[in-house]
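K.L.:
Let the sequences and hints guide you as you build the complete structure.
This note's numbering applies: residue 1 is where the sequence shown begins, and numbers increase by one.
Hints are computed from structural coordinates only; laboratory data are not their basis.
Check the hints yourself; a few may be wrong.
Listed next, the in silico BS3-like pairs over lysine-lysine satisfying Cα-Cα at most 25 Å (straight line) [what the hints assert, rightly or not]: (1) Lys314 - Lys281; (2) Lys45 - Lys22; (3) Lys196 - Lys214; (4) Lys139 - Lys227; (5) Lys227 - Lys214; (6) Lys227 - Lys196; (7) Lys139 - Lys22; (8) Lys139 - Lys314; (9) Lys196 - Lys139.
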Amino acid sequence: MTSSSGLSGLQALDERMRAIFKAIVEGYLTTGEAVGSRTLSQNRKLDLSPASIRNTMSDLSALGLLTASHASAGRMPTHAGLRLFVDGLLQLGELSSDERRVIDGQVGPSGRAMPDLLAEASGLLGGLAGGAGLVITPKREAPLRHVEFVPISAVEALAVLVFEDGSVENRLMITPAGLPPASLIEAGNYLSTRLKGRSLGEARTRIEQEIAEKRAQLDAVTESLVKSGLAAWSGGQDRALIVRGQARLLENVDAAEDLERVRLLFEDLEREEGLISLMDKARDGQGVRLFIGAENPLFSLSGSSVLVAPYRNKEQEIIGAVGVIGPTRLNYARVIPLVDYTARVVGQILDGTRS
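P.N.:
Following this line, the structure appears as structure tokens:
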């Protein structure tokens, strides 16, 4: 996690500034509260008077690394300060044998459907890390075997996609009132013929072109149903976002500003497309990526941190990502290894190298 920018930023700090800065950030990450000069003066490693500490804290604040709610309050790190700490001073911990056993035991067992596996990974990771767990599912590339529309009410139908790998996906669709059963059957037969042996992405353009050129030989009602089916399934072949543990973000929320931050964070979590785009940035490098607060526009208001790590297939291609979102006071030394190990376990299960 160390970067050249973090090292260069630390070079601007003398030994005293670095020691006090490190103590403040570590205190903040432990308690979630601002750290005062009186508390720091009791730190035997510093061996400094409160007045000397206050002067140094003022210098660190002038550099944009610390902030305070008012002049006489203790200090806490800014987002820039947290970034400097993570990149230049953070010492990563090791996962305990118990944590590895929990991840291996709950995520590791094979034989489950992929959605269940990924949902379990998201929930477990959020619980261990003290935030909400995030998982981006792989893009489905398996060819289709059969398509069927099943009526479930006067205005709803279940679109059922059966894939060659044996998996099944269902999508609830709104249908025109009074839609005849024959149209459901005709639409299913039409799509099954053109999709069989192909992925939806491979066949979609062909189907849309046939309809546009009036070569599909479908009546208006059936044609509309086919179009609705293609629209409903667009997310079936693309990646989806699984979020578990949102309620955990409400824990230890006392101040009104904290409650407002969590409300904004919940709004951010509703922006699935933006979160998927953010997690895609894990493709740009190896290991865990960390985004702190305003470093990403999606969380500029809620001031949250997101940690993301990719998982890979047999060919070592990135096919998805796992992560954690929570307040900036997450225990990064512990959470970074958790995210990294969970991503590796998920990848090993999906590529068949872990039984």
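K.L.:
Hint by hint, where does the structure go against what was stated? Just the numbers, ascending.
P.N.:
7
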